[in-house]
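Visitor: Quick mapping for you: the protein sequence lines, in order, are chains Z and D. Per numbering that gives the first Met the number 0, residue 0 is the first one in the first sequence, and the count goes up by one each step. Per numbering that gives the first Met the number 0, residue 0 is the first one in the second sequence, and the count goes up by one each step.
No lab work stands behind these hints: they were computed from the structure. Check the hints yourself; a few may be wrong.
Residues from chain D that face chain Z, not an exhaustive set, calculated with beta carbons under 7 Å [unchecked claim]:
hint, residue
1, 102
2, 103
3, 109
4, 113
5, 381
6, 518
7, 522
8, 525
9, 602
10, 604
11, 606
12, 631
13, 633
14, 634
15, 635
16, 636
Where a beta carbon is used, it is the ideal one built from N, C-alpha and C, also for glycine.
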Amino acid sequence: MIGPIGLIRRIGPIKEMIMHAEKLKHDFEPKLVAFVCTWCTYAGADLAGTSRMQYPSNVRVLKFPCTGRIDPVFILRAFQKGADGILVSGCHPGDCHYMAGNFHARRRFATFRKLLEFIGVDLERLQFSWVSAAEGGKWVEVVTELTERVRSMGPMHEFKELELEECWSGKLDTAELKEAYEAIP
Amino acid sequence: MSRIGVFICHCGENISRTVDVERVAKAAEKISGVAYACEYKYMCSDPGQNLLKKAVIDQNLDGIVVAACSPRMHEKTFRKAAQSAGLNPYLVEMANIREHCSWVHEDREEATTKATEIVTMLVERVKMNKKLQPITVPVTKRALVIGGGIAGIQAALDIADCGHHVVLVEREPSIGGHMAQLSETFPTLDCSQCIMTPKMVDVANHPNITLHTYSEIENVDGYIGNFQVTIKKKARSVDMDKCTGCGVCMAKCPQKKIPNSFDKDLGMRPAIYVPFPQAVPNTPVIDRENCTYFKSGKCGVCQKVCGPGAVDYTQEDQLVVEDIGAIVVATGFELYSIGEKPKGSAIKGYGEFGHGKIPDVIDGMTFERLASASGPTGGKILRPSDGKEPQQVVFLQCVGSRAREKGISYCSKICCMYTAKHTMLYHHKVHDGQAYVFFMDARTPGKGYDEFWRRSIEDENAVYIRGAVSRLYQKGDKIVVMGSDIALGIQVEIEADMVVLATAVQPRQGADLLAQKLGISYDMYNFYSEAHAKLRPVECATAGVYLAGACQGPKDIPDSVSQASAAAAKVMTLFAKDELEREPIVAKVNDKNCVACFYCKKVCPYGAVEEKEIRDRQGNLIKVVAWVNPGVCGGCGTCQASCPSKSVELDGYTDEQIMAQIEAL
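Chain D on its own, in the form it takes in the complex:
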């Protein structure tokens, strides 16, 4: 006969408001096999846990059901408590009567009945629980950082400085990300390149960092501490070991009229190029789509002029496999393109703003390139259409963001601040110019942020108009902005020379595909999901994968850097031990019953099932059976459900446990 303890939590009033906890406790006492049942205000608090520990010892319990919040929240807490009282932690189960009951039902009677039934099911289950021992696995002390923007760079440097090896993978030919594109940064107006490029050089020179630029993640296998990551190094067509970065090839390339996406297509670049002069690594890439040699087989100028003979047209994409212990994802963001909406996107465009049709309607990043000293205009604010200095510039905020009717309901967080910065930069460069900003709310939480925003109005002459813009249209060489001023309750019409749209921050295209390779979850906008919104904001639910920067949600530079360092700290915590303990939720094969059909091997996504030979003492082969490598098994249980002879069992989710739960329905 089992001796099970049932502990029911009030969760302050969160549970007891709708669930009659005393009645649940009384009902629990009557379930056969329950030796002890009680309720307490906060089970997860210290006194609550002590109550549990004391009961384990006094009542000699051999199983525990804690009826409280979701096991995703506190299962570990109670398992640890039970363990410290000498009970195997896997004999503890949680009955979720908060998220799945008290919070979602209002009727007290119904909620109490449901809570009682949930507790009963879990009691029956816990009777079937077996003692399990955690599995220890070795940790490979090498980290992978995906994305070489400021977040990825910071995480890589922190981990590398701690003495661990880091593999940094960047999709573009150079690291630097969006921060390398910016002109000056709020709220201090320091030059972005000046603070960014030294860090980029640090990465390139760090003995503990292996840099793979122009590369993408092809495949991820394994699990925490033991990932095998396949990286596709795209053919650069330039030998990185031979190239000295002299730049003669770029100067001599006859094909020079290719829009440079780094400059938001405002500037031109040759077919063999580095995206920007301070690129790291400073090795050019041949853009094979636009290169005359690759298109027609003629030309080959770059190869002829290259002194060290680094240009190699025969290079092919290369696959590199790296053994990795932890992964930091820092893939960043991109700005919502209102001109053309991505294929299959549920987001509606902004046809009324003429972006992509009217040349002087630009987005925030394009304005950054115009204002940047290393940009296509050398830092002069000039309109893209005719190169004239705009005298009136209208900035529109919340384009895409906070617009449920257009498909995005979140706030992009950085636009209020960067628009304030844009008005300042504009005023610094065009002294007699006038900046207007149409805004919904100015959101300026952050150190020195509100002061900065006020300065743009009080000292830098920006005119803020609270209201929305309905339409933009070209009239001569002006753009007419039709909007409303809801403070004054009037319609406003401004003839502007240039319009800058603060478009929404979105995750990188293909963010979902990478998430699928990593096995991490993402939200409806493809932002990656953290394990817990408040308490585990840098970890993914998938063990060993951490998040940094805007891939998780819109973030400014200080936030991205902080999160990157936090993610690095998490990686270092993992690397502090040589071995780590894993949940023993793995499949086991019963050798006696196994008929060696190997269906399990076919369905196993981890390749954990191997063929094991059973021999007698003389070494004669008796039979071949399946064997699950516990280090590789991910614990999904697909093998068990597929096994025709019912010979595989997933610890923690055995047929007995589940059937016991169903029997108690």
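One chain only, chain Z, in its complex shape:
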């Protein structure tokens, strides 16, 4: 007799259930910012939601019409404002809703990465990826992976310090300096 092998194989996502049951608490929760295009990756993230997939809650999503709209300055500012990791994600090459926006974005970031490296940002904190509207699973993977990677790297200090003028202009340690500073309109 042959058993109903086909049936046994299909039974249950037991593995996933166990994975969700035990959630580890970490000392450091990184802040992730995702710059995504509305047509592919935003829709992919929506699909992850409608499919009730689970991923770390560290990511904040900013919607753009196209990755081509994303100015590198946004990335710098996000690092300054407390992001520990940044994800830029759009349509797969050739699938851009606006034909070529993602190619412009890709070229821009290829150059921009070099600049970031030059000024001392660990490029592991910045990820560029393609996630289509049909790839809810990939969105979960990319976000989970980046969260974990950045978590293991620890907080990003370099840019946050730039927020404080004193770090680069020198301390206002004399009374004259302080007075002059406060006189600035």
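Since the structure of chain Z is already known, use the hints to place chain D on it.
Guide: Chain D in isolation, oriented as in the chain Z frame:
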């Protein structure tokens, strides 16, 4: 100081189960500039929308954040509601706390924190939002239908009957698609050609339809209401105006041994041919790859015998540009070829079934051609190898479909029914023959479908075996089918004369390339994606492009026809107005700052950037700046990110809006 209203939706329990909505509302109240915050069970419902409208008026709000589902779902709903209360709709933003928060996180604390932060970011953004006015653009009332199968034909006829002009483009020399190849159709067993060919003739005779056969889409420019579509008309080598369709050329062509793909290579055709006798248009095509004249320069028989002098060897591919307002994509399907897998495909083949090696292992479409009265055997079921009548035929279902290990996980939907039909056709033609079907499940939802399937077993003698087949091999002139019967728990071995594989339905090869030209999205199998699986099943996310038939997913004839008529109705809705309103998400140039470097012009995928001259009153040229044509601009914003002097701004996604969001991180 802004007066912003924040409305938080429970979405029944979808959001409130994991997000503490009351806490989010309390936190929102404390954000500077927020004048009003509340939560409600269903914001999108009528009372919810009224709550919003009332608050806009009572609280004198100048910006709104609705924290609910994805903006892709309900942004329009809330913008409309705000508009009816007198607020500019573009001062409304949605915070996605369902798809991006409550559904993907289980921890209540984490989800609540995230939801609060998302709301804060959007509040900061909405403070920077500007009032925008929709742009009106004229609509070209001409539709393009891509694909001349039953779906494309139905859509074209419906739109044309409504009085609008339709351009129908078909890749093959004749319209008709797969339905023209079928013998009889389930569940009524009416002859496919009998119901199909009159419709094909209707298309050819319709005054509102321009038919481009043997043509392909070369390029698509523009946007909803105003597409410019370049169509490549492949050289037919026969002048369509002169040809009378007498067929002498085909009869005299000395090269007659070319396998006819319409007959699944079972029949032969000449080098100058129509794919099938009822072809529309009934004008032959010269297959230049196989024609002796094109190969060696000798022959030219067809030209000599053609009375009207229609054969023209010098014809070249021709590009035609059509102005189009709406596009219906109906490119259909093809059957998964298990013999040779397409290049670059992630799908694994079925070497164990010997398709392509054992001549009597055929696919479903080949069986259709065998059973068709106009087919290569004149409707007799004969084996391809020796032309004998098969006494035992085994049908295998789910070949390719529902086989995750082979790369396709979806159900092809039509195979259960057409296999049941095949067993009937076989029984009608070979009375003492025996049909066996190996199946996983019989999926027969549809009007009269289950009755039909039962009839194949109860009245037509088909034997259904639940189980899979592991291997097929040739033994003498028989094919041994080794399978299992899981109901009885035994191994089964059948010596069959012929094996028919119900191979999976796949999108047409090159479907992805066409999607890229149209700017529409497609799934991992290259089926085209609809804007919403339930509520917008015939529209693409790209405005002005609609879907019909199996290019979207496996479908039978009634489903394809229904969807085609639905797509036609959508096109007619669009054409009912002379102008349509477009989202005002377009780029604008600040003349003062522009230094006329025209980087924006280089990166613009739409060619929307033009050079504008600024002159003083005397007409002296002061400077040249960039100008964005709002009718052409697609709103991607690539120009803005590339502008070195920061002189371009994309409305709806300005630097201030995005920076405000980042500041609120």
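Visitor: Now tell me, hint by hint, if it's right for this structure.
Guide: So, going through the hints one by one against the coordinates:
This hint holds: residue 102 of chain D has a C-beta 4 Å from the nearest C-beta of chain Z, less than the 7 Å allowed. Because the beta carbon of residue 103 of chain D sits about 5 Å from the nearest beta carbon in chain Z, less than 7 Å, this interface hint is met. For the restraint placing residue 109 of chain D at the interface with chain Z, the shortest Cβ-Cβ distance is roughly 4 Å, inside the 7 Å limit, so the hint holds. At about 5 Å, the closest approach between the beta carbon of residue 113 of chain D and any beta carbon in chain Z falls short of 7 Å, and the interface hint on this residue holds.
The criterion of a C-beta within 7 Å of any C-beta in chain Z is not met by residue 381 of chain D, whose closest approach is roughly 35 Å, and the hint is violated. Against a cut-off of 7 Å between C-beta atoms, the interface hint on residue 518 of chain D holds, since the closest Cβ of chain Z lies about 5 Å away. Against a cut-off of 7 Å between C-beta atoms, the interface hint on residue 522 of chain D holds, since the closest Cβ of chain Z lies about 4 Å away. A least Cβ separation of about 10 Å between residue 525 of chain D and chain Z goes past the 7 Å threshold, and the interface hint is therefore violated.
With its C-beta approaching chain Z no nearer than about 5 Å, residue 602 of chain D sits inside the 7 Å limit, and its interface hint holds. Checking residue 604 of chain D against chain Z: minimum C-beta separation of about 4 Å stays under 7 Å; hint holds. Violation of the interface hint for residue 606 of chain D is found here, the shortest Cβ-Cβ separation to chain Z being roughly 11 Å, above the 7 Å cut-off. Nearest Cβ of chain Z to the Cβ of residue 631 of chain D: about 12 Å, over the 7 Å cut. The hint is violated.
Checking residue 633 of chain D against chain Z: minimum C-beta separation of about 5 Å stays under 7 Å; hint holds. The beta carbon of residue 634 of chain D is positioned within 7 Å of a beta carbon in chain Z (closest approach about 5 Å), and the interface hint is therefore held. Interface restraint check for residue 635 of chain D: the shortest CB-CB distance to chain Z comes to about 4 Å, inside 7 Å, so the restraint holds. A cut of 7 Å between beta carbons decides the hint on residue 636 of chain D: the least distance to chain Z is about 3 Å, and the hint holds.
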